[in-house]
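**Q** Just so you know, we're using full-length UniProt numbering here: the sequence shown kicks off at 1 and counts up by one.
The hints are simulated quantities; they were obtained by calculation from the structure and are not laboratory data.
One should not assume that every hint holds.
Pairwise CB distance ranges, derived in the manner of DEER restraints [to be verified]:
#1 104 - 75: 16 to 22 Å
#2 22 - 151: 37 to 43 Å
#3 82 - 174: 17 to 23 Å
#4 158 - 80: 21 to 27 Å
#5 80 - 111: 14 to 20 Å
#6 147 - 168: 37 to 43 Å
#7 130 - 61: 20 to 26 Å
#8 75 - 145: 16 to 22 Å
#9 19 - 131: 31 to 37 Å
Ideal Cβ placement from N, Cα and C applies to all residues, glycine included.
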Amino acid sequence: MRSGRSSTTRTTWSEVINHCGEALRRDAVVAVAGVVGGDDALLEAFVTALVAQIPDSPHFETINRGHPLPLLLGNGTVRPLMPTVPLPPFGLEEFISGPPALTDSYQFAPGDRLQLYTDGVIEARDWDDTFFDLPEAMMAMRDHTRQAFLEGLRQALLRNAQSRLADDVAVILVDRCEDAGHQPTGGPT
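All chains, full assembly: derive it from the sequences and hints.
**A** See below:
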């Protein structure tokens, strides 16, 4: 039986994200069915996500579902990239209303640096219970190479948390190359 979709119909990545949200919601309901206190367990069944598409062009796109905001280092400043419409994490749609996934587009100029990270980075605390200041750390290392930047960030985070991280930590760093003639790997020569 045919689904009614033509083989030439293209699915957008925002549609894929929305389908993921629906699948996670179904799985969460099945997982807590019959569990004592299932409604409370369902409140804990949520996932944040950030999906980014970074082509070899002067912009990139994201869909953010309650994940920490990407940070863009450029022109001597660090700025958080706010979504046009904040969306709830997957699994909390019925408690926090919001539209389906929307794609946001941001400028990404040569020399800019994009930082993606998990909440474990910004929730790391020092002995005084002060959160790690990621934008400040990024500014302090703005002129470092990628490798030195990431190592400096790791060291600053461990120093701040006295080497006792309470959550998982992941960081992705993307630099927009200055070379306008750059070809992506596997691209035409």
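**Q** All hints are to be evaluated individually against the structure, with a verdict given for each.
**A** Verification of the supplied hints:
The hinted range of 16 to 22 Å is satisfied by residue 104 and residue 75, whose Cβ atoms lie roughly 20 Å apart. Separation of residue 22 from residue 151 is about 40 Å and conforms to the stated range, judged on CB atoms against 37 to 43 Å. A C-beta distance of roughly 18 Å is found between residue 82 and residue 174, which places it inside the suggested range of 17 to 23 Å. Between residue 158 and residue 80 the Cβ separation comes to about 23 Å, which falls inside the hinted range of 21 to 27 Å.
A hinted range of 14 to 20 Å holds for the C-beta pair residue 80 and residue 111, which are about 19 Å apart. A hinted range of 37 to 43 Å for the beta carbons of residue 147 and residue 168 is inconsistent with their spacing of about 22 Å. The hinted range of 20 to 26 Å is not satisfied by residue 130 and residue 61, whose Cβ atoms lie roughly 34 Å apart. With their beta carbons about 19 Å apart, residue 75 and residue 145 fall inside the hinted range of 16 to 22 Å.
A beta carbon spacing of about 34 Å between residue 19 and residue 131 agrees with the range 31 to 37 Å that was offered as a hint.
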